[in-house]
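Next come the chains, spelled out residue by residue.
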Amino acid sequence: MYATNYHRASSVADAVHLKGASDESKYVSGGMTLIPTMKQRLAAPSDLVDLRHIAEMKGITVSGGSVRIGAATTHAEVAQSSDIKAACPALAHLASLIGDPHVRHMGTIGGSIANNDPAADYPSAMLALAATIVTDRREIAADDFFTGLFETALADDEIVVAVTFRPPERAGYCKFPNPASRYAMTGVFVAKGTDGVRVGVTGAGADGVFRHAAMEAALASDFSPQAIASVTTDPSDLLSDIHGSAEYRANLVTVMARRAVAAA
Amino acid sequence: MGVEGIGARVERKEDKRFLTGKGRYTDDMVVPGMKYAAFVRSPHAHAKIKSVDGSTAEGMPGVIGVLNGQQMLDDGIGNLICGWMIHSKDGSPMKMGAWRPLAHETVRYVGDAVAVVVADSIDEARDAAEAVVVDYEELPAVTEAATALTGGQPQIHPEAGGNLIYDWAIGTDVAETDAAIAAAAHVTEMTIVNNRLSPNPMEPRAALGIYDGAEDHYTCYTTSQNPHVARLVMSAFYNVAPENKLRVIAPDVGGGFGSKIFIYPEEIVCLWASKRTGVPVKWTSDRTEAFLTDAHGRDHLSTVKMAFDSDNRITALKVDTIANFGAYMSLFSSSVPTYLYATLLSGQYDIPAIHANVRAVYTNTAPVDAYRGAGRPEATYLLERTIETAARELGVSPAELRRKNFIRSFPHQTPVIMNYDAGDYEASLEAAMKEADWAGFDARKAEAEGRGKKRGIGMSCYIEACGIAPSAAVGSLGAGVGLWESAEVRVNAVGTIEVLTGSHSHGQGHETTFAQLVADRFGVPIDSVSIVHGDTDKVQMGMGTYGSRSGAVGMSAIVKALDKVEVKAKKIAAHLMEADESDIVIENGEAKVAGTDKTVPWFQVALAAYTAHNLPAGMEPGLKEGAFYDPSNFTFPAGCYICEVEIDPETGKTEIVQFVAADDFGNIINPMIVEGQVHGGIAQGIGQALLEAVHYDPQTGQLLTASYMDYAMPRADDLPSFKVSHQNTPCPGNPLGIKGCGEAGAIGSPPALMNAITDAIGNNDLTMPATPQKVWAAVHAAQ
Ligand SMILES: Cc1cc2nc3c(=O)[nH]c(=O)nc-3n(C[C@H](O)[C@H](O)[C@H](O)COP(=O)(O)OP(=O)(O)OC[C@H]3O[C@@H](n4cnc5c(N)ncnc54)[C@H](O)[C@@H]3O)c2cc1C
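Taken in sequence, the protein lines are chains A and B.
4 is the number of the first residue of the first sequence in my numbering; add one for each residue after it.
110 is the number of the first residue of the second sequence in my numbering; add one for each residue after it.
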């Protein structure tokens, strides 16, 4: 690791201010992605601004038909939250499948979606739940937030403060883990709610997380596993690597989607 | 056996320090003035080095020295060597290319060391290593052995034309073997791939070199499975220092699996750099360096023909193997696909004609050498996949086909050198089939089908050769060393006992099992026995631990030394009790005169030896004896493994629902430790069959599996609970009747698992690792 300076921000405004003090600074939340990258000397921020101790970024609230999860909430907190289990058990289930206990107790939802790893679990749920990403300066619809592999709509110093969504009527998540990393080789989140049926697919897309229009259409008229059993995915839009070919991932999209609907 | 003697499930003495974080590993060693090394490594798989410029790095904070390969050459440090000479069929010696500890002309794989930086801290050393400017002229690279043999490929070493190191054969004459195959009623032919693996010991490699200018003496702490061999090789071949000026210490070592047998560039560089810079120099590998530079295992591509007569008896076996050696010949690399592999191709079967041909090949990849099982897993996998396929082709039960061909009388001379001394293959097969409820499989398969799962069952009957090895025999086959072991038993004046051994424990539990031998012999508590190993200043000489040799060879040396101590102790006791030496028995911590109530406590016998006030006339004081044990033959552990799987045809995911191991290891000193070895071995074998594979980009030679994000290690939830049992035909060749158990699990399990998967999906060609995508593709193709 290269030497770096650590700062603990006390508020969102303080964090933006601290970050602005240097060109080569970065926010850090759980550090579960950023710190390993630094250890491998692939990232060299001069300054780290820690977001985990900012009160307004923590906690889970359900009120007025809306769920709000602070960006600094850990995966373990989401997995164990009785509010989330009541409002959207599929999301608690998703969080329980991320990494291992160490990772779940450090990693945060804000860090995960800001990082937008193409194999991360949360982005699929954000799309399917039509979530809103609340930042320090605006609100961004999930559909506009994830813009490519490790790319988001965030400005360099913009902070994800929270995510909000309306609890779905039904939702399910099914993940096929990569045998090595246990990130999603393919993960599908399906949700049926006031916005209709939405299907978010992670791990498989060549450009990162995506919504599956054909499945959404099929499920809109018949929310059942059979409805999508023969819906296919074009492999030319999918990732191919040593763990799985695009054809294999295309198959997994259908299988995981069917199982997610069955679990919803 | 007593509560702590031979056969007792004694808990491991060493675990207290390991489990409480008190182990002392090489990286824990801190000496005054110690500095840190970071290596500059090649980012290219194959390139000429035009220049190495360390001038910027030298001026960076904390930097003490930037050293390169030319300086090392100038200082007379020798090439790394392979210590086992293999001759090709045409009589020519193997073609060994030069391996410099720091490359100065050519780099041959990604990770090849080019320069080293010594600095005050690890981070400063790494910062400066990044600032060393190496000007490379890139050359085309080749990573696959079969490709490297074809025309028009990059030439990796000038010494080895066409990248061929040797073209070697063993066994029955080719024409005779071919004739038997031509006359056969049935021939099963297969292409068998044995996937390349990364060893992944929990503790990465490390070295601390300390040069003492006043004495012109070196000390090397290092992660070695055989510190004496390290000292011998570093003295005799690398000209680091004469043996009396080089102390090698392998303290606690966190796993090796073979990869820590070999001498690598880093320990030599740390010793040399310590003299050059005048400070002690420590290097600890990070995990990426481990993936890049630890010697890999396996990587064979073979074709096989197995011929049967009309009665389903095997009449001939013909094998052609291409072995990938990587960019350099590692210390024992040449022996692995020859004498540790092809000599086991008879398996448990009576095969009248066996011919094997092996070509060893250079490629632009990390060196390949012994990895848990070393050659024997490759032989077992090839044979057991082939006989299983044959059973399917012949339409007979896999158990019956094996039974029909089992060797049933011993000793048995195979056509490939080995002479099996004892075994009962039927016993293990029966025990395993019973435990696995083989007969009930069809019902379980039908039930699984109802749940949409494909269920399969597979077996493997393995044999391996341990207890390496008779020195004269291996010498005649090309080994540069003898493979005996040494021991010294020192009884202290108060009766406590130290056992010095040339074996080295890096997970095997020697501190417990070796102490059990002593407890068993004299009836003293194992807490009064200490095992000393891993330091060339304490133990005179030893050959180390690998090839499941510490039981059969290392413990046999201890037994010989104990015999000598016992003789002398009895003489002293007889003298003290005025009895005849032949009437003395030593048990329960006392020497007794048989048939009387006369006793002397053990400690008084020891004390008498050291006070020397009242010893038999002419006897030297003291109670300390040493012994060397050279085995008369290999030992032959064998057994039967049965695996049952369920496959999700929609995803290709394999779940292991049952795993049964029935092993014959001869006599067992500590069943708990033996079971632990079997469990670990099976986990590794399942890793190979289901998950693990080293991938290089075939064009660029970049390592694609350089972290756990891409290299899949088995986790606890990938594994079932194993059902382990033991059958016993004692080994007639050594005093304890033991055969060895360290590698069996990794040898027997891959074919059992692959036979189960291929049974479930009806495809004999599936290769390891059986990843979900490959299994899905095979199922899908069949639909
Ligand atoms: C062993 C292991 C296994 C894992 N397995 C999985 C898995 O199965 N599935 C999965 O989805 N993930 C997995 N992860 C990743 C894990 O979920 C991370 O926690 C997550 O991706 C990043 O969250 P973090 O809080 O740790 O972010 P950090 O690592 O602290 O930051 C990541 C990036 O986001 C930025 N950032 C952080 N917080 C914010 C914010 N609030 N606003 C704006 N930018 C921000 C940082 O600057 C940095 O660029 C795994 C990680 C490890 C180490």
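The hints are simulated quantities; they were obtained by calculation from the structure and are not laboratory data.
Warning: the hint list may mix true and false statements.
[To be verified] What follows is a list of derived Cβ distance ranges for each label pair:
| hint | chain 1 | residue 1 | chain 2 | residue 2 | range |
| --- | --- | --- | --- | --- | --- |
| 1 | A | Arg-44 | B | Tyr-719 | 42 to 50 Å |
| 2 | B | Ser-741 | A | Arg-44 | 37 to 45 Å |
| 3 | A | Ala-266 | B | Glu-509 | 22 to 30 Å |
[What the hints assert, rightly or not] Counterexamples of contact, computed for chain A against chain B with all Cβ distances above 12 Å:
| hint | residue |
| --- | --- |
| 4 | Met-4 |
| 5 | Gly-23 |
| 6 | Pro-39 |
| 7 | Ala-122 |
| 8 | Asp-146 |
| 9 | Leu-157 |
| 10 | Pro-180 |
| 11 | Met-188 |
| 12 | Val-234 |
| 13 | Thr-257 |
[What the hints assert, rightly or not] Okay, the calculated bits of chain B under chain A, using three or more residues with CB under 8 Å as the criterion:
| hint | segment |
| --- | --- |
| 14 | 231-238 |
| 15 | 872-886 |
All C-beta atoms in this analysis are idealised placements derived from N, C-alpha and C, irrespective of residue type, glycine included.
Inset, instruction - Say whether it holds or is violated: Met-188/A keeps its Cβ farther than 12 Å from all Cβ of chain B. - result: About 8 Å separates Met-188/A from the closest Cβ of chain B, which leaves it inside 12 Å; violated.
Legend entry - Least C-beta distance from Gly-23/A to chain B larger than 12 Å: It holds; Gly-23/A is separated from chain B by about 27 Å at its closest Cβ, greater than 12 Å.
Legend entry - Non-interface claim for Pro-180/A, where every Cβ of chain B lies beyond 12 Å: violated, 10 Å
Inset, instruction - May I ask you to test the hint 22 to 30 Å on the CB atoms belonging to Ala-266/A and Glu-509/B? - result: violated, 45 Å
Legend entry - Assertion that Val-234/A lies outside the chain B interface [Cβ separation over 12 Å]: Answer for Val-234/A: holds, closest chain B Cβ roughly 15 Å.
Legend entry - Distal placement of Thr-257/A relative to chain B, Cβ over 12 Å: The claim is violated: Thr-257/A sits with its nearest Cβ about 9 Å from chain B, within 12 Å.
Legend entry - Beyond 12 Å from each Cβ of chain B, as asserted for Pro-39/A: violated, 9 Å
Inset, instruction - Decide, holds or violated, for the assertion that all CB atoms of chain B are farther than 12 Å from the CB of Met-4/A. - result: violated, 7 Å
Inset, instruction - Count residues of the segment 231-238 of chain B with a Cβ under 8 Å from any Cβ of chain A, then say if the count reaches three. - result: holds (count 3)
Inset, instruction - Note whether the CB distance of Ser-741/B and Arg-44/A lies within 37 to 45 Å or breaks it. - result: violated, 54 Å
Inset, instruction - Confirm or reject the statement that Leu-157/A sits farther than 12 Å, beta carbon to beta carbon, from all of chain B. - result: holds, 24 Å
Legend entry - 12 Å Cβ clearance of Ala-122/A from chain B: violated, 10 Å
Checked against the numbered hints given earlier, the structure breaks hints 1, 2, 3, 4, 6, 7, 10, 11 and 13 and satisfies all the rest.
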